[in-house]
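Residue numbers (our numbering), protein chains in the order written: chain A, 2 to 122; chain R, 309 to 717.
Rather than coming from a laboratory, the hints here were simulated on the basis of the structure. All values reported here derive from a predicted model rather than from experimental measurement. For glycine and all other residues, C-beta sits at the position ideal for the given N, C-alpha and C. Warning: the hint list may mix true and false statements.
[Unchecked claim] No more than 30 angstroms apart at the CA atoms, straight line, and that leaves these computed lysine-lysine pairs for DSSO-like:
1) K642(R) x K31(A)
2) K382(R) x K31(A)
3) K116(A) x K382(R)
4) K378(R) x K366(R)
5) K642(R) x K42(A)
[Claimed, not checked] Per label pair, the in silico range of CB-to-CB distance:
6) M73(A) x R396(R): 28 to 36 angstroms
7) V328(R) x S36(A): 54 to 62 angstroms
8) L628(R) x A68(A): 23 to 31 angstroms
9) K366(R) x V79(A): 36 to 44 angstroms
10) W367(R) x G109(A): 51 to 59 angstroms
11) I66(A) x T611(R): 41 to 49 angstroms
12) K378(R) x R40(A): 55 to 63 angstroms
13) A68(A) x R695(R): 55 to 63 angstroms
14) V79(A) x Q552(R): 12 to 20 angstroms
15) S36(A) x K366(R): 30 to 38 angstroms
16) K642(R) x I97(A): 43 to 51 angstroms
17) L331(R) x R40(A): 13 to 21 angstroms
[As the list claims (entries may be wrong)] Covered stretches of chain R, as calculated for chain A (at least 3 residues, CB under 8 angstroms):
18) 329-338
19) 361-374
20) 380-389
21) 402-408
22) 508-522
23) 608-618
Residues per chain are reported as follows:
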Amino acid sequence: MSEFLRAYLTVAVFGLAAGLLVAAMLGLGKLVQPSRPSRQKRINYESGVDPVGAGFGQSQVRYYIFALLFVMFDVEAVFIFPWAIGLESFGVFGLIEMAIFIVILALGLVYAWRKGVLRWA
Amino acid sequence: MGDPVFNGGLDLGVLGIVAVKALIGFTFVMVGVIFMIWFERKIIADMQSRVGPDRAGKWGLLQTLADGIKLIFKEDLSPDRSDRLVYRLAPYLSVAPAFLTFTIVPIGGVFRGDDDGTLRVLGNDTFLQVADPPVGVLFLLAMSAVAVYGIMLAGWSSGSKYPLLGSVRASASMVSYEAALGLSVVAVVLLSGSLSTHEIVSSQAGSVLDWNIVRTGFVPFVVFLIAATAELNRPPFDLVEAEQEIVGGFHTEYSSIRFGMFFLAEFMNTITMSAIMVTLFLGGPDGPAPIGPPLLWSFFWFTIKLLAFLFLFVWLRAALPRFRYDQLMDLGWKQLIPLSLGWLLLLGAIQIGRDEGWNVVVVVLVGFGIAVVAAGGLLGAIRVADRRRDAFAEPLPNESAELTDAGVR
Numbered sequence: 002m003s004e005f006l007r008a009y010l011t012v013a014v015f016g017l018a019a020g021l022l023v024a025a026m027l028g029l030g031k032l033v034q035p036s037r038p039s040r041q042k043r044i045n046y047e048s049g050v051d052p053v054g055a056g057f058g059q060s061q062v063r064y065y066i067f068a069l070l071f072v073m074f075d076v077e078a079v080f081i082f083p084w085a086i087g088l089e090s091f092g093v094f095g096l097i098e099m100a101i102f103i104v105i106l107a108l109g110l111v112y113a114w115r116k117g118v119l120r121w122a
Numbered sequence: 309m310g311d312p313v314f315n316g317g318l319d320l321g322v323l324g325i326v327a328v329k330a331l332i333g334f335t336f337v338m339v340g341v342i343f344m345i346w347f348e349r350k351i352i353a354d355m356q357s358r359v360g361p362d363r364a365g366k367w368g369l370l371q372t373l374a375d376g377i378k379l380i381f382k383e384d385l386s387p388d389r390s391d392r393l394v395y396r397l398a399p400y401l402s403v404a405p406a407f408l409t410f411t412i413v414p415i416g417g418v419f420r421g422d423d424d425g426t427l428r429v430l431g432n433d434t435f436l437q438v439a440d441p442p443v444g445v446l447f448l449l450a451m452s453a454v455a456v457y458g459i460m461l462a463g464w465s466s467g468s469k470y471p472l473l474g475s476v477r478a479s480a481s482m483v484s485y486e487a488a489l490g491l492s493v494v495a496v497v498l499l500s501g502s503l504s505t506h507e508i509v510s511s512q513a514g515s516v517l518d519w520n521i522v523r524t525g526f527v528p529f530v531v532f533l534i535a536a537t538a539e540l541n542r543p544p545f546d547l548v549e550a551e552q553e554i555v556g557g558f559h560t561e562y563s564s565i566r567f568g569m570f571f572l573a574e575f576m577n578t579i580t581m582s583a584i585m586v587t588l589f590l591g592g593p594d595g596p597a598p599i600g601p602p603l604l605w606s607f608f609w610f611t612i613k614l615l616a617f618l619f620l621f622v623w624l625r626a627a628l629p630r631f632r633y634d635q636l637m638d639l640g641w642k643q644l645i646p647l648s649l650g651w652l653l654l655l656g657a658i659q660i661g662r663d664e665g666w667n668v669v670v671v672v673l674v675g676f677g678i679a680v681v682a683a684g685g686l687l688g689a690i691r692v693a694d695r696r697r698d699a700f701a702e703p704l705p706n707e708s709a710e711l712t713d714a715g716v717r
């Protein structure tokens, strides 16, 4: 196992334990809980009345353009994190570079804002 | 770099230490959750002049266990319309990230003086954290992003309307606050120069003035706190399960212990996020050790700081009304993100200025000058956007005239 992967050994053990915990709790539940199925119990909850229409209905996802903006800001992290770690080595040049980058990014946000994307539509 | 326990080969002793650390971390989180649920109910009760749970055990301490046992004995129902596989998978996806994030938190260790937070056990040096991946902070961001899948898939797979609304809200708020969360973490990384949580804690050792909350100038901490509350879906950002609006939100169709798993994950996330905030901003286990072994004091300080955050989260829940959906989005995109971007550049300029020997006052003044100009430009853009909206909005038919006719002022 490489040096890099070893650091994740404990993480893997921990993840496995978490999965086992959930499985154990659900399994224990299976053993002790009653099961008296009836049609009524398997109907969707809609405040007590019979469900109207299909469950997987369409709903308007407001702010869907936010998802695109989010991609922009998430990809930006790929550039900002290395800069933040190597701040000293990049020096003034790096700072100006990053300032230009962030200004361009902010312009993108302002553009979206001005276009009215950021409001309830 | 990395946990020194892995510097040698992988022998039985190392594996033993790994197993024991995992066990301790696991127990800490589980006991923490049981305590936290009781703590929250008790504090909320006090704040609302109620007694709260007081039957199960002394001061109701065993209430959480009693609730858990009750939930296990309840019938597990799943709606006919649900997507079976995803419906069963969602609780796992919810709980696992909550556990995994805790692995990068150093829960103890002496960092002051010559010590660098290592502890010698059975001939092996080790850190007092479950794991120390070299990209710890990125791991945190990744896990908080994965956590939303549990909620989103639970809501979607139920095949029901309220859960679907809850999951749509979850993805929207996660998308909005993930960016602000990441940007405020960058400020910490900027000063510590490392992504490893152990290094971040080491760089804060000393006094309160060395903690990142002071060194980053409070703003990233406040942004992180708000963004973390939103990521946790805790009040006042709990739109995902807003009882008064969408019943139970994403877990409406879940019952029995399967529902309990979501409950567990939620409180586990609260503890983990508090621990992360202690690590990133409050120096982790750092604190004075007047008498006795400093190692015990490190556990003490870590627990005290953790409790302070847990109390803060409960306090927020008791004190603040829930945000409206569009207010939530506005706060994230229009305030937190521009603020943290600007603050990041200012911090970078101050750091570089210190290296280059610039005058700090000049850097701060120039920085604020640029910030004011930028804010002015932004406000101008908002005004244009508002004017456009007013111009395009349909005029309401004779609304004011009707009101006057009816004699209503």
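The hints, checked one at a time:
1. K642(R) x K31(A): Roughly 48 angstroms between the alpha carbons, so the hint for K642(R) and K31(A) is violated.
2. K382(R) x K31(A): 10 angstroms, holds
3. K116(A) x K382(R): Distance of about 52 angstroms is beyond 30 angstroms: violated.
4. K378(R) x K366(R): 19 angstroms, holds
5. K642(R) x K42(A): At roughly 45 angstroms apart (the allowed maximum being 30 angstroms), K42(A) and K642(R) break the hint.
6. M73(A) x R396(R): 28 to 36 angstroms: 35 angstroms, holds
7. V328(R) x S36(A): 54 to 62 angstroms: 39 angstroms, violated
8. L628(R) x A68(A): 23 to 31 angstroms: With a Cβ separation near 27 angstroms, L628(R) and A68(A) satisfy 23 to 31 angstroms, so the hint holds.
9. K366(R) x V79(A): 36 to 44 angstroms: 52 angstroms, violated
10. W367(R) x G109(A): 51 to 59 angstroms: Distance hint for W367(R), G109(A) holds at roughly 54 angstroms.
11. I66(A) x T611(R): 41 to 49 angstroms: Given about 44 angstroms between the Cβ atoms, the range holds.
12. K378(R) x R40(A): 55 to 63 angstroms: For R40(A) against K378(R), whose Cβ atoms are near 26 angstroms apart, the range 55 to 63 angstroms is violated.
13. A68(A) x R695(R): 55 to 63 angstroms: 27 angstroms, violated
14. V79(A) x Q552(R): 12 to 20 angstroms: 40 angstroms, violated
15. S36(A) x K366(R): 30 to 38 angstroms: 36 angstroms Cβ-Cβ, so the 30 to 38 angstroms window holds.
16. K642(R) x I97(A): 43 to 51 angstroms: 27 angstroms, violated
17. L331(R) x R40(A): 13 to 21 angstroms: 45 angstroms, violated
18. 329-338: Result for this restraint: holds, n = 4.
19. 361-374: Violated - the segment 361-374 of chain R has 0 residues with a Cβ nearer than 8 angstroms to chain A, which falls short of three.
20. 380-389: Coverage by chain A holds here, the residue count being 10 at a Cβ distance below 8 angstroms.
21. 402-408: holds (count 5)
22. 508-522: It is violated, with 0 qualifying residues against the three required.
23. 608-618: violated (count 0)
In this structure, the earlier hints numbered 1, 3, 5, 7, 9, 12, 13, 14, 16, 17, 19, 22 and 23 are contradicted, and the remaining ones agree with it.
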